[in-house]
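Here the structure of chain A is known, so what remains is to put chain B in place on it, guided by the hints.
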Amino acid sequence: MKDDASTFLPLSPATLHILLSLAAEDLHGYAIMQEVKRQSEGKYKLGPGTLYDNLQKMIQRRLVQELGSRAGNDDPRRRYYRLTSLGRGVLEAETVRLGEVVREARQRLQIAKPRRA
Amino acid sequence: MLRPLFRCVLRLHPPYFRKRFAGEMLSIFDHAAGAWGEFLLLIDGLVSLARQWGLRPEFWDEFSPEQPLVPDGVPSFYTLAPFHPRTPAVIHGLLLSLALFCLTCFGIRYSWIHILHVNISAVQFDEPIASQANPSRARTTLGTSAVLPAREHKAPIALPPPTRASVYPLIAPGAITIQERSSKGTSKLQGLLRLSSPASSTGFLVEVALQDYVGAYVIQSRGGLTILVSVEGGCLMMKVAGQPKLALTPVSETKFMVTGTDDWVELVKDENSTGGNGIAQLRLFQGGQLLIAQRQ
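The listed protein sequences derive, respectively, from chains A and B. With my numbering applied, the first sequence has no gaps in its numbers, which climb one by one up to 164 at the end. With my numbering applied, the second sequence has no gaps in its numbers, which climb one by one up to 300 at the end.
Check each hint, because a few of them may be wrong.
Derived, one-sided and incomplete: chain B residues facing chain A with beta-carbon distance under 10 Å [stated by the list, open to error]:
no., residue
1, Phe-21
2, Phe-25
3, Met-29
4, Asp-48
5, Arg-90
6, Leu-100
7, Leu-104
8, Trp-268
If you're looking for bench data, these hints aren't it; they were derived computationally from the structure. Model, not experiment: these values are computed from the prediction. Positions of the beta carbon are idealized from the N, C-alpha and C atoms, including for glycine.
If we strip away everything but chain A, and leave its shape as in the complex, we get (with noise of 0.2 Å):
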């Protein structure tokens, strides 16, 4: 599983965001939006096209699955995703990355910090 997964690595922007938002529970696509504007504080917005784009070849990938639409007065258009075990693998994946980026980069620029008398 983690090799299959290391193959997706590294993930866009995008990618990373709509896997986190669905790390939780399952979301439809206008929640997921909002999910992302949420997680980034507003700095990094996503549209409906680059959103669908990217969920269609999750779905493709067997990253996201699609649950259909749900009973209630929930609106009838709105179809629901969640994660499937290898998305959720990957997010993992990711995150390790990440998290090593995020270490190495701190240590070169606490090196580069300059030594106070």
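Here is chain B on its own, set in the frame of chain A:
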């Protein structure tokens, strides 16, 4: 106000994308706050339209999720039916095909030129026969820069100067026959033919006994019409009663073109005949008609 326009943009998307995501995208549009928000979504829809048609050919039609892999990592079944090549791959393939097509055309053209210039032999006379000082020893040359076809000749004896455009296609096989005959040796030397390779100017001499053909030939079916064959200036000549004398241009050991016409003559041997080294018959092919003249 922008909603109908946004719906039009969604309708222009590839069929599968439209079928699957257009409703959701319209739902998101309905949640947009204010005209500025709707305008941004419209721009996003236009970008999506260009992206889906230009960069996502694999999603134009309905796709099936990737085939499950068997434990050894090899797909159990795979088909190219829903496959759409990437746009850059199509462009590269187009350019490659065009280059191969041009190379093939160039190769074919080069091949044609190569055959025309190298493999076809022809006849060329070094100097006009009429101006030769020694009539008993004429010299002719076989080569590429040769003689005009017989139908282009109007003068009965004098041959035109060599030109590259004029070629006798039948001369090569005949020339080989003459060479074989000469290797055995002939006693009655009347003319010299020189065969030359088209690729080089060096040639070799071949002796031909034209004297064997000299004589009178009578066409019985034409009321005893006589054809006189003679050798003048190393060239075989033919004279029909009441007509001017015509030169005969050799195309093989026994076949001659009548210079200035489309007619040709074949001198046939008869093993039982004793005179003229076995030549017993003259066959004149004139205007699609065959006239047979017996030697006297």
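Cross-check of the supplied hints:
no.: 1; hint: Phe-21; result: 7 Å, holds
no.: 2; hint: Phe-25; result: 4 Å, holds
no.: 3; hint: Met-29; result: 5 Å, holds
no.: 4; hint: Asp-48; result: 4 Å, holds
no.: 5; hint: Arg-90; result: 14 Å, violated
no.: 6; hint: Leu-100; result: 28 Å, violated
no.: 7; hint: Leu-104; result: 34 Å, violated
no.: 8; hint: Trp-268; result: 77 Å, violated
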